[in-house]
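Participant: Protein chains in written order, with my numbering: chain A, 199 to 683; chain B, -1 to 662.
Where hints are given, some of them may not hold.
[Unchecked claim] Calculated lysine-lysine pairs in the DSBU-like style (CA-CA distance at most 35 Å, straight line): (1) B:336 with A:444; (2) B:541 with B:524; (3) A:655 with B:546; (4) B:86 with B:402; (5) A:635 with B:168.
[Stated by the list, open to error] Negatives, chain B to chain A, calculated, CB over 12 Å: (6) 44; (7) 499; (8) 575; (9) 608; (10) 609.
Treat the hints as calculated values from the structure; they're not laboratory data. Heads up, the beta-carbon is just placed ideally off N, CA and C, and yes, glycines get one too.
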Amino acid sequence: MARTAKKTVAEKAAAKRAPRRSGTAQGGAAVAAGAAATPAGSYRARVRMYRQGLGDCFLVSLPRTDGGTRPFYVMIDCGVVLGTPNPGAIMKQVLDSIVQETGGAIDLLIATHEHWDHLSGFVQAKDSFDKLTKVGQVWLAWTEDPADELTRKLKAEKGQALAALRMGLNQMQAAGDSDSATELNGILEFFGAVSGPTTADALNNVRAKTANASAKLRYCLPTDPPVQPTGTNARFYVLGPPHDEKMLRKINPSTGNKETYGLALDSFRLFMNGAGTALNDDDDEHPFDEQCEIPFSYAQTAPELGFFRQHYWQPGQGAPDAWRRIDTDWLGGASDLALQLDSLTNNTSLVIAIELPGGDVLLFAADAQVGNWLSWQDRSWTVDGKTVTGPDLLKNAIFYKVGHHGSHNATPRAQGLEEMVRLRVAMIPVDHDMAVKKRWGKMPLDELVTALGQRAKGCVLRVDQPKPPTQENVVEDKLFFEVTF
Amino acid sequence: MQRILVKPAPGHPAPQQVGVPAGVPASPPRRLNAIQQLHLEHAVSPRVPTPAYRPLRVYAYDPALGAKLDTVDINEATLDVRWESELKPGPIGEYIEVIDVDPASQCCYAPVDLNHPHILTKSGLTPSEASPQFHQQMAYAVAMKTIEHFEMALGRVALWAPREIHREGKETTSEYVDRLRIYPHALRAKNAYYSPEHKALLLGYFTASGSDAEGLMQGSVVFTAVSHDIVAHETTHALLDGVHRRFREATNPDVFAFHEGFADIIALFQHFTLPEALKHQIAATRGDLEKQNLLGQLAVQFGAATGRYGALRDYIGTVKAPTDGNPKDAKWVRREPKPTDYANATEPHDRGAVLVAAVFDAFLQIYKRRTTDLLRLATGGTGVLPEGDISTDLVDRLAREASKVAGHVLNMCIRALDYCPPVDIFFGEYLRALITADTDLVPYDKLGYRTAFIEAFRSRGIYPSDVKHLSPRSLIWEPPPLPLRQGKVREVLKKLSTGWDMNSKRRDAYCSSRKNAQIFWQWLMKQVSDDEMAALGLRRIRKPEPFKIGNQEGELRAIEVHSVRPVRRVGPDGNIRSDLVVEITQTFRPSGMPGRRFRGGCTLLIDLATAEVRYMVRKKIDSPNRLAEQIQFGIDGSDGLHGNYFADPAGVREPFALMHHVHG
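Next comes chain B alone, as it looks inside the complex (with noise of 0.2 Å):
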């Protein structure tokens, strides 16, 4: 072997040739272009596109399914959460944290590693209850999916409410939370709820018994961590709080009837818009599909899941066994509607029921609508399907169908949240903001959509109080009575940051979101006329002072401007326009009740491109009857044994367990 040897010059050291092999020459190095540089470097590393999706296992209804034979090849299905490159071990991401401790048996289960490269290969975790990591995989990717739902229907990133610190003699303030937490193991009862106070999600478990055993082992352990429907519920309740804090508030007999419905419909179709949790039912139920009867029963069975089977029975419709016997030929039986639904039902959980009840009559009617043309393709033209089990073509594209219809209902029930009023909410206050979003966001409805809803609601008793048709145009929210001069408002549009939008860090959009809001503030302070606050339904102050609303005396607060979001549509000619919230409140505190608040307010959409206020809903803070009502409301509500003793009301530091205890 003969090594070449370079002498080095002087002063220089030899350059190092690294890599070549002895023996081989040296070939001249290669200029290379800046385009076969990045080639180069593209075939040294190619570069591995970033996944949108994780894929992950959940259980579809919930384990019980598993076990019984007829269901078990539905049990499992696959939600395609969105990619975090930023996942840690819990799972710990830019939304949620799940933190798996179990105060009651003193004792935190090992957080998942969903990075894991066995995990990531195999879709996550193999469904199972006796492995706490897979109920942190499963209430992880529930919530996401749930926030997925919300981020996509708004058009902007989702934030959690702020956590408000009380402190003894001073204003409130407020902080951001980043993350919702997810306790998968936290309560040992029959029992789930979202604390605002703790900003989390408290899964409990509990021993079957009874009968809520039945289809299970006596004495076995439920999870509610691994039921879809509960998690999907209750994230819900952490993502409208998100966006309307004082819908916790519960100032009539629809807000917290409004939490729960709302909770309800978004878990209930979300669920819907999984084709898996659609294909074996609709298979199975071949002939009833003119009657739509097994959607309904779906429904019911999610009502089981979450524990409000009662509720929504009685609102959609019940199983009925014949009465001459066999249990077996038990039917379907949809639940005619009544006017007097919405009147009758006073219970929170009932009423939410009826909105449930309505809107999915509304989801029922659309599908309807849209798949008479398959039936008939399928049929010949008949419309009328022969004996015997139908093809699995028609079961997919029914499925999909019913899958399509469930995200549109769920995109048009989230995106009325930015037009309802900032507090006090009635259901019919809420048709109206289904109604005013979905014509922003689809101005021809071609499909009747909006004509389902309004159909749905009237059909159940529940009207807006204000308008005189129930027609959709009549229905659509009003411009204020006094409009707010353009000029001015040019003004202040152009002193705000309006750039929240999906791709924004969630807290630089906190912080612009409070700093528009203070901007706003100040101009409508300094800018805006008495008269054009009154017809706002506001009074401007600088200062608390003494005011009387009708008889009853009082201290009126200055206005609070709540919160500046922007909200995203396509216009009629198809540009997309931007439009802004802007919700202001105002609160009031009587006299001689303590701890009694009485809060007026008003929501604007203000388009962003012409500054013209499109829309204002308004509840005026100086409404005597309002008051009355809102006292006489707070006294009924007073019963309870808390009330026996407590002056304060029960459940002010968590409204949710108390709401969700008494279902169990």
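So here's chain A without its partners, still in its complex pose (with noise of 0.2 Å):
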């Protein structure tokens, strides 16, 4: 298989940081070559992927159109997921890129949801991130829009499911029951380390970039009508994430199972009337009278008391019997909250289309998940007299920025991958060694690389291997790839 034994392109550029702190110029010089790849001017719009890891960050260029020599610049995200080695040396490394690039100039910055690796270099590389001087807008999607009644709602089950989920990985830490905190830690990291700077601290450097009056701060409703910046000639159409509890919470590919579409909601309840209730601090859900209970540690200890510590504790004599003890048992339904929690900030992915002139259209879908893709097929706008639907955009997608790092669940084929009959590159920012180091082995699906493959002709662009031999007007550098349209 194809990911076998590569070395990260990634690991290659952090270990050779010294030389490329006075090598960006070269960077920049091969996206001139990029550039001169096509005849000055004619290009459409150029996309860089920046191959940190396993994190987005893209930075989108589009010629001007009033006579400006600089083009108009959109950054997507800035992040790297928690684990990888010297992270802010890395998205440092990015920032500066991209500062050097833009000449500290960014039109149009976008956060497009929630999550350690997509918002990490905000607060990880926070120097870096200052020198971006001018921020023309920033964009978020409405699910961080504070004035939004169903933002705060979900944002407070958030809040405490993930208190709880972090109690219960202390209790399963300190039982020793490293398989499952393992897994549930993998998951709960998304939204940032336990201490330290968190996801929502990312959030408010970006916010903060509005701060001065000149800036502006948008929360996306794709029923907004599509925008074309000045000075562009492209038009940014507003997907998802959709106004729509349901939709929302719609985070499974098996659109006919009714069975985990109740899993998806009842899951959050199900935790914190259940486990979740022993997780606060005062835990007043016991079932039975104070005048039943033998506490643990009076049944670990006393003389008098043996059945407990010979049929269940066993100490001493080597506990043949330990492997059937249920310490953690009861907080098995931690990681499938988790899980669920992380696919409900994905799905709050703000996904954006950007149509260029002549209709052809550049995808980037975040992390979206099957309710934000499955909420474009209603949508619909009036341009010029004409309609414009979701499904149009699909259709005319030439570039594709793959779904929550190529997972199984976050491309759908039907009404998603099929749709695109006219795609001609994507990206995928994943790193799949250090997918397998968090245990993440199907990150990215094979057979949806595979499936990549033949619609894009061959030209998928993965952060952790070299482009294919085939493309020779991608420009690739050991930080980043570049295409031009």
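From the two separate chains plus the hints, produce the assembled complex.
Facilitator: So, in structure tokens, the structure goes:
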């Protein structure tokens, strides 16, 4: 299989960090060369995917139509997954490269959703981020809008659940159940480390760019009309996230399966009303009266009470029955809930379709899950008297930023990849070795990579692999790939 | 007072006359013969017969019914649980150990001592939700009852699945597990499951709110440990796992569905064997008796108790209120089966419910046949019941009849387990197993049990794929196409110990079964021809070797003899006969699919007297179709959030936890 035993390019990049500092100019030169491949001024868009590891960071350049010389720069996300070695240094390198390329001025900054692997750079390399002194606009999804009632509800639930899950994780670790703890921790890390800066801090840094009056903060709704920024001839459509709780919670591809749907709605309540109650500081949900309870500490030590020591804890004699203990089984719902929170957050991804002159579309799907994708089917806008629908945009997609690092349920077949009949380039910000380290062996899903290859005629670019040799007009740098349209 | 002093003879101590009061002349000792001696001993300490049963009180349904006036009478039942003289506090007996720790609440609950005189004289503790000790008693009682049903049906002591110990880089080893553990308050969740990992039932409790709290106080705690149906259901999972370990591997959509459906069937019919549970309902719904609505309703209530309300309601029937309003006129409407039911139910619980509905339907037909004469007798030959309440005698007789049929169905369904393939079961194969097993037990089917089963399965579209007709005859399993030579089979049978029955020590039964498996394996490797092996659907190899099934490369492992166990039956001539069930499996590891296993194998039923292989149930290892289907099924099943990140399938550790959690 293609993914075996390749040292990731990002690691190599990290190893050569010192020379790279002075080498960014060469990177710039490479871009210039890339641009030179098409006659100057005739390009319609350039897309650059940074190769920091498992995480998203994109820079899109659009030509100016108002005679301006510097392109219109769109920056989408900037993060790398927790557990990446030297993340601060890598993200600094990425941001420095962006500052270098753009001269510190970004016309549009987009943060798609509140996950560490999309936002970490905004705090990890804050100094470099601060060098982006001019930001024209900041776009966030409506799911970050504190004035939105549904947002408030979702955020409150998420806060409670995360607090309970972190308590649960502590208990698993204390009980020595390392398997469950590792699995749960891996998912929780998408929400940032337990201590230190959080995803909320990262988003605040993004919002702070709009502190001065010149920059505009927009909470995007898919019902908003498309926007054509002044000085460009590209049109920006917001496809998702849908302002619909049911669709947001729809996170599994098997649409016919009502059970999965039920699970999605219930998991929060199931866990929080059950195990979650025991993770509160004051647990008042004990099932029996206090006069029935023998506290663990007493049962483990009281000399007159041998029953539980003999049959449950068995101290001292190598505990032949230790495998029968159930110390953490009651927390079994935790990883389900964590996965669901994770998917729900993925589903709040701001999905942007950039329509270029002539109708070709660049599709940035962030980490949208099924409910987000399905909602695009009902989207429709009137532009210059003509109707443009969600499926139209999918059909015209020539570039696709593959959702959720290539996981199996972030790119539906029907009403998804199969509709992208004109696809030419797919980019997957994934590092399989890192994913394996986190025990996510299915990232990216092989079947999806193959399907993408068939659609995009071989132009599938992965962060963790060199570009396919046939793709001559892809600029490959240690730090990024760049494609010019 | 005068004392009689006996002078001791020199050198001899005086014989002590103990207990003879002074002044009474000692009569010369009477010489007792052996019989008199025995009588005397008996007179001195009369033997108290060991009781056969220990009556224990339980909730017949679940505690919620006790809170409603119209069901308050029927909510308690007394189970006669087999007497265990060695029962210790816990209760800890031969099969079950109840250990009541509650890790979420960080506390334990003191173990109940069912031998306490105050508890013994009262048929156990009084049912109460507030007493953890009663919960221990009830979980123990219901689980023991399920075990009894299994042992009665199979004619041998029940064993739990052995513990499998995986060590890095070594072959998996197995270890005997003597007791199933029950943790009555293991989880603070709306969940209860059998854990193969711990060999334990983890029963949960949760606070009722919203729709869960119907008929309850909002915020009251609901315990799964005091639901008869849930405990029986989970115990059945454990017992089934003990007989068929490979049914834990979902290799096709039917396997988990079978685990679920089978557990439901056992729990449901075990419930129906309690006449207390039936009488009240039979009396209450007298007018509709011909329509048999009440039992269907019960089954659906049962579904509600185990959290499978939706699935059973969809396949058995539902209570419908008339469209113009009064919910009191709501009537039970039985759902007509459709031949597409089976194929359309793809989710394991739905498909399991189709199986339950089929067995339930067969039960109803049998019950109907057996009670028409009663109804005619009770109505002067018309069979039409008059208005008003029916006589209590009739209620009793009908309830007894229903309970008897329930017992028969229970027995049939469990017995069929010995006639199932060792891996990858389909419902159609289970039907063949049912028919074959029942034919062995009751050669002449006067009451039409088998026809009722076939009819019920067929009307839901459940057929075996490999038979030409759906008649009881043609559904019986066949012997191997190339019969194993009896002379040779006789040789190996001589070496096996086949005494595993109801009186065996369970550990001995386990050990002898393992040893038998080894002997049989050696015999297969040495004495059976390649052609004979191929006829069994297997390939004889000594060591793992590269192999190709269809276009799929991979590694074929050596055959394994999984289980050798006796099954007893009464032969057509009235003699007790024993057969030997031998399960042989073989595994293929397709390359490029880490962790994926493809298994084939066969079950043989060998007549111990004639050494003839009477039946063979085969799953060929080298079947490309089956392999392709399994791979496809594996891919379809890998959806779900877990598959977003993780390559290992979800729920390998606790397959039943996930299954049950979804349904809550």
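Participant: Straight-line Cα separation of residue 336 (chain B) and residue 444 (chain A) no greater than 35 Å?
Facilitator: holds (32 Å)
Participant: Please confirm whether residue 499 (chain B) is truly not at the interface, meaning its C-beta sits more than 12 Å away from all C-beta atoms of chain A.
Facilitator: Given that every Cβ of chain A is farther than 12 Å from that of residue 499 (chain B), nearest at about 29 Å, it holds.
Participant: Holds or violated: residue 655 (chain A) with residue 546 (chain B), Cα cutoff 35 Å?
Facilitator: holds (32 Å)
Participant: When you look at the beta carbon of residue 575 (chain B), is every beta carbon of chain A farther off than 12 Å?
Facilitator: holds (39 Å)
Participant: Starting from residue 541 (chain B), check that the Cα of residue 524 (chain B) is at most 35 Å away, please.
Facilitator: holds (14 Å)
Participant: Closest CB-CB distance from residue 609 (chain B) to chain A, is it above 12 Å?
Facilitator: Fine: 41 Å to the nearest Cβ keeps residue 609 (chain B) off the interface.
Participant: Are all beta-carbon distances from residue 44 (chain B) to chain A longer than 12 Å?
Facilitator: Given that every Cβ of chain A is farther than 12 Å from that of residue 44 (chain B), nearest at about 35 Å, it holds.
Participant: Measure nothing beyond the straight line between the CA atoms of residue 86 (chain B) and residue 402 (chain B); if it is 35 Å or shorter, mark the hint as holding.
Facilitator: holds (33 Å)
Participant: Holds or violated: are the alpha carbons of residue 635 (chain A) and residue 168 (chain B) at most 35 Å from each other?
Facilitator: holds (24 Å)
Participant: A cut-off of 12 Å on Cβ-Cβ distance, and residue 608 (chain B) was said to be off the interface with chain A. Does that hold?
Facilitator: holds (44 Å)
Consistency note: the structure conflicts with none of the earlier hints.
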